[in-house]
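Assemble chain B onto chain A, guided by the hints.
The listed protein sequences correspond, in order, to chains A and B. Start counting the first sequence at 1; every next residue gets the next number (our numbering). Start counting the second sequence at 1; every next residue gets the next number (our numbering).
In short, the hints are calculated from the structure, not lab data. Heads up, some of the hints might be wrong.
[Claimed, not checked] List time: in silico DSS-like cross-link candidates among lysine-lysine, alpha-carbon distance up to 30 Å: (1) 171/B <-> 47/A; (2) 144/B <-> 18/B; (3) 8/A <-> 47/A; (4) 73/A <-> 47/A; (5) 21/B <-> 390/A; (6) 390/A <-> 73/A; (7) 144/B <-> 21/B; (8) 390/A <-> 18/B.
[Claimed, not checked] Computed footprint of chain A on chain B; a stretch qualifies when at least three of its residues, placed anywhere within it, have a C-beta under 8 Å from a C-beta of chain A: (9) 24-33; (10) 37-48; (11) 56-65; (12) 91-103; (13) 118-126.
[Claimed, not checked] Examples of chain A residues lying across from chain B (beta carbon under 10 Å, computed): (14) 66; (15) 74; (16) 191; (17) 205; (18) 354; (19) 355.
Virtual Cβ for every residue (Gly too), placed ideally from N, Cα, C.
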Amino acid sequence: MGQTFAEKILAQKAGLAEVVPGQIVEVTPDAALSHDNTAPISGIFRKIGVERVARPDVHVVVLDHACPAPTTKHAQNHKVIREFVADQGIESFFDVGRGVCHQVLAEEGFALPGRLVLGSDSHTPTAGAFGAFAAGIGRSEMAAIMATARIWLRVPESLKIVVHGRLPEGVTSKDLALHAIGDQGADGGLYQSVEWHGEGVEALDMEARMVIPNLMAEMGAKNGYIPPDEVTLNWLEGRARAPFEPVYPDPDAAYARVIEYDAGAIEPVVAKPHTVDNVAPLREVAGTHIDEAFLGTCTNGRLSDLAMAAAVLEGRRVAPGVRLIVIPASSEVYLAALDAGYLRTFVEAGAVIESPGCGPCMGNHLGVPAEGEVAVSTANRNFRGRMGTKESEVYLASPLVVAASAIAGELIHPQDL
Amino acid sequence: MRKTPEPTEVQIMSISGKVWKYGDDVNTDVIFPGKYTYTVSDLAEMGEHALEDLDPEFRFQVQPGDVIVAGKNFGCGSSREQAVKCLVAKQVGAVIARSFARIYYRNCINNALPAIASPEAVDAIEAGDEVEVDLEAGEIRTAKGTFAFPPLPEAVMGIFEAGGLIPYTRKRLGIAD
Numbered sequence: 001m002g003q004t005f006a007e008k009i010l011a012q013k014a015g016l017a018e019v020v021p022g023q024i025v026e027v028t029p030d031a032a033l034s035h036d037n038t039a040p041i042s043g044i045f046r047k048i049g050v051e052r053v054a055r056p057d058v059h060v061v062v063l064d065h066a067c068p069a070p071t072t073k074h075a076q077n078h079k080v081i082r083e084f085v086a087d088q089g090i091e092s093f094f095d096v097g098r099g100v101c102h103q104v105l106a107e108e109g110f111a112l113p114g115r116l117v118l119g120s121d122s123h124t125p126t127a128g129a130f131g132a133f134a135a136g137i138g139r140s141e142m143a144a145i146m147a148t149a150r151i152w153l154r155v156p157e158s159l160k161i162v163v164h165g166r167l168p169e170g171v172t173s174k175d176l177a178l179h180a181i182g183d184q185g186a187d188g189g190l191y192q193s194v195e196w197h198g199e200g201v202e203a204l205d206m207e208a209r210m211v212i213p214n215l216m217a218e219m220g221a222k223n224g225y226i227p228p229d230e231v232t233l234n235w236l237e238g239r240a241r242a243p244f245e246p247v248y249p250d251p252d253a254a255y256a257r258v259i260e261y262d263a264g265a266i267e268p269v270v271a272k273p274h275t276v277d278n279v280a281p282l283r284e285v286a287g288t289h290i291d292e293a294f295l296g297t298c299t300n301g302r303l304s305d306l307a308m309a310a311a312v313l314e315g316r317r318v319a320p321g322v323r324l325i326v327i328p329a330s331s332e333v334y335l336a337a338l339d340a341g342y343l344r345t346f347v348e349a350g351a352v353i354e355s356p357g358c359g360p361c362m363g364n365h366l367g368v369p370a371e372g373e374v375a376v377s378t379a380n381r382n383f384r385g386r387m388g389t390k391e392s393e394v395y396l397a398s399p400l401v402v403a404a405s406a407i408a409g410e411l412i413h414p415q416d417l
Numbered sequence: 001m002r003k004t005p006e007p008t009e010v011q012i013m014s015i016s017g018k019v020w021k022y023g024d025d026v027n028t029d030v031i032f033p034g035k036y037t038y039t040v041s042d043l044a045e046m047g048e049h050a051l052e053d054l055d056p057e058f059r060f061q062v063q064p065g066d067v068i069v070a071g072k073n074f075g076c077g078s079s080r081e082q083a084v085k086c087l088v089a090k091q092v093g094a095v096i097a098r099s100f101a102r103i104y105y106r107n108c109i110n111n112a113l114p115a116i117a118s119p120e121a122v123d124a125i126e127a128g129d130e131v132e133v134d135l136e137a138g139e140i141r142t143a144k145g146t147f148a149f150p151p152l153p154e155a156v157m158g159i160f161e162a163g164g165l166i167p168y169t170r171k172r173l174g175i176a177d
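Same shape as in the complex, but just chain A (with noise of 0.2 Å):
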C-alpha cells in the first residue's frame, strides 16, 4: 500500500521503515520557528532546567507579531528575546522589520521540500507549500525542543484536494482557498494532513501557493502541502540553507478524503463575519460599506499582492475617511515594492505604509479598527474581537478586493469600479 506524503516523511523523521495514521512518533524538527513568543518560551525552557539549549542551529526566531514594539511590555519582551539568542548561540534570529516570520523563514531558505517545520505559531503550515511537512505547535512544545529537540507528533490521516483547470482573471489563490474552507468547513480538514495537487494549483506561481496551506490552518488541517515541481525549484535557487530531497505521496496511496475542484468556476468571494469558513461570493456583499483595508500578512503580503492592489491604485485615491494600512510581509518585499513604484503608487492613492510584522491583524497595532467600524483585510482570521475589538466586523478577502474596496469605500471587485 502506497504512502501519502504525510506517512511518508514522518516515518523518515522518525527513523521507521513506516507508520500509519494514528501512530505517535517522536521526532527532531529541521526547523524549529518561533516569534515574539520566544521570551515566554524561554521563560518555560528555564522552568526546565536545563542550561543550555540542545540545537540551537535548529532554531530560527523572527521577531514579527508586535514590531516595532507598541509598548514597554512589548520592548522588554524583545529584549528578552535578544538576549537569550545571544546567550544561547540561536544565529537565526531576525530583529524587528526583516518581516513576518512564515514569509521570513521563505524567504532565508528553511522552507525546504521533504523538511520537518515546526513552529510556535498556527499558520506554520504555509511552509508547506515547498513540500516541507511544516505544522503549528504549542510553546510548552516549543520550550521542550529547545531543552531535548525532540518532540511527540500524531501521524495524521491525509485529505487530498484536486483542483482541474485554471483560476479566470481577477479570482485569486485566496478566493481558491477560502473557497474550500467555506466548503468544507472550519474544521473539515481537521488533524489532517492537506494535499493540494492538480493542475489548478501547478498554474499558481510560489506566491499565490503559499496562501493556500496558510489557511489550511483554518479549516482545522495539521499541515498542507504542495508537491514541489520547477515553479518550487527555481524559488529556492540560491536561497536553500541546506540540501533537500523532495518526498512525494505514492500514486496508491490511501486517502480519508479525495476532494475535487474546477478553478474554472471559482468566483472571487469573500469570508463574512465572524468566522473563516463563513464564506459568501462577493457579489452577495458587494456595497457593504467599509471604513478600513488592510493588505498584508503572512497570508496576503508578498509582492504579487502589492503588484496586484498597486495595479488598482494606481491613478485613484482611498475614499474619504477609509484607512488603507499596506504593510509588505518582508524588507525584500518592501524593498521590491520600492523599486517596482508601489509604495509610491500607495502612498499617492492615500494609503499607510507600515514596517514589516504582522501589524494590526490580531489587534496589537499599526492601525486597528473601531467600535462599530468594517474592516476588509488579506489576513487570515477574523473572529470576533480579532483585530482589537469585539464591536467591530471583519471581512478577509483577496488584495485585488482590499485595494477595490478601499477606493469605493464599499466592499466591490477592481473589475465593477
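Okay, now just chain B, sitting in the frame of chain A:
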C-alpha cells in the same frame, strides 16, 4: 487569594462540578483575546481573561472542578497556549467537546487539562448540569447517563500523568524537583 495549581501538583483523578456549555467552533481569540498575548504572563492573571469574549460571566462565576462542554472544533484559531492555561488557572476540571482543534488538543495534554472528545456526552449534557469525570475509569457521569471515553494514547499518557510536558521533560532528563 486562591492559589492556582502548578503543573507538578498531584492530578485530580476524579473531577466534578457544574457544566458551562457552549457551541461549535469556539476559537482561541474568544477564549483568550490576542491583545493580551504579550501583556499578560502571570497564570492567575490569564485566568482573569478566560472566555472573556465568549461569556463575560464565566471568569467571575466558575468554580474549581467545573466542566466546559462544547461543540465541534473547540479551540480553533491561534495556537496560543494561554487559551488552555487560563482554564487551568481557573481550575477547570475538564473540557468535553464534540471535537478539538489540534494545537489546542496538544496544549491540553501538555498542560494536563483533560480534553475529552465525546459527541454523545455533549448531546446529552446541558448548561448547569452536575457532571463527574473519572479519568481512571474513562467515564463521564451525569444524571442523564454515563459516557465512556478511551484512554489517551500510551505514548502521551506519560506526559499527562506527570502533570504536563514540562514536569514530564524534567523527569525524562533526570532533573530532580
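Do the hints match the structure? See the list:
1. 171/B <-> 47/A: The given pair, whose Cα atoms are some 12 Å apart, holds under the 30 Å limit.
2. 144/B <-> 18/B: Roughly 14 Å separates the two Cα atoms, so the pair holds.
3. 8/A <-> 47/A: Violated - the C-alpha atoms of residue 47/A and residue 8/A are around 35 Å apart, more than 30 Å.
4. 73/A <-> 47/A: It holds: about 21 Å lies between the C-alpha atoms, which stays within 30 Å.
5. 21/B <-> 390/A: Holds. Residue 21/B to residue 390/A sits at ~21 Å (cutoff 30 Å).
6. 390/A <-> 73/A: Roughly 23 Å between the alpha carbons, so the hint for residue 390/A and residue 73/A holds.
7. 144/B <-> 21/B: Holds: residue 144/B and residue 21/B sit about 15 Å apart, inside 30 Å.
8. 390/A <-> 18/B: holds (27 Å)
9. 24-33: With 5 residues closer than 8 Å to chain A, the stretch 24-33 of chain B meets the three-residue bar; holds.
10. 37-48: holds (count 4)
11. 56-65: Violated: only 0 residues of the stretch 56-65 of chain B have a Cβ under 8 Å from chain A.
12. 91-103: n = 4 at 8 Å, threshold three: holds.
13. 118-126: Not satisfied, violated; 0 residues make the cut.
14. 66: Holds, because the Cβ-Cβ distance from residue 66/A to chain B comes to roughly 6 Å (cut-off 10 Å).
15. 74: holds (5 Å)
16. 191: holds (5 Å)
17. 205: For residue 205/A, the interface hint is violated, since the closest Cβ of chain B sits about 28 Å away, which is over 10 Å.
18. 354: violated (18 Å)
19. 355: violated (17 Å)
The earlier numbered hints that this structure contradicts are 3, 11, 13, 17, 18 and 19.
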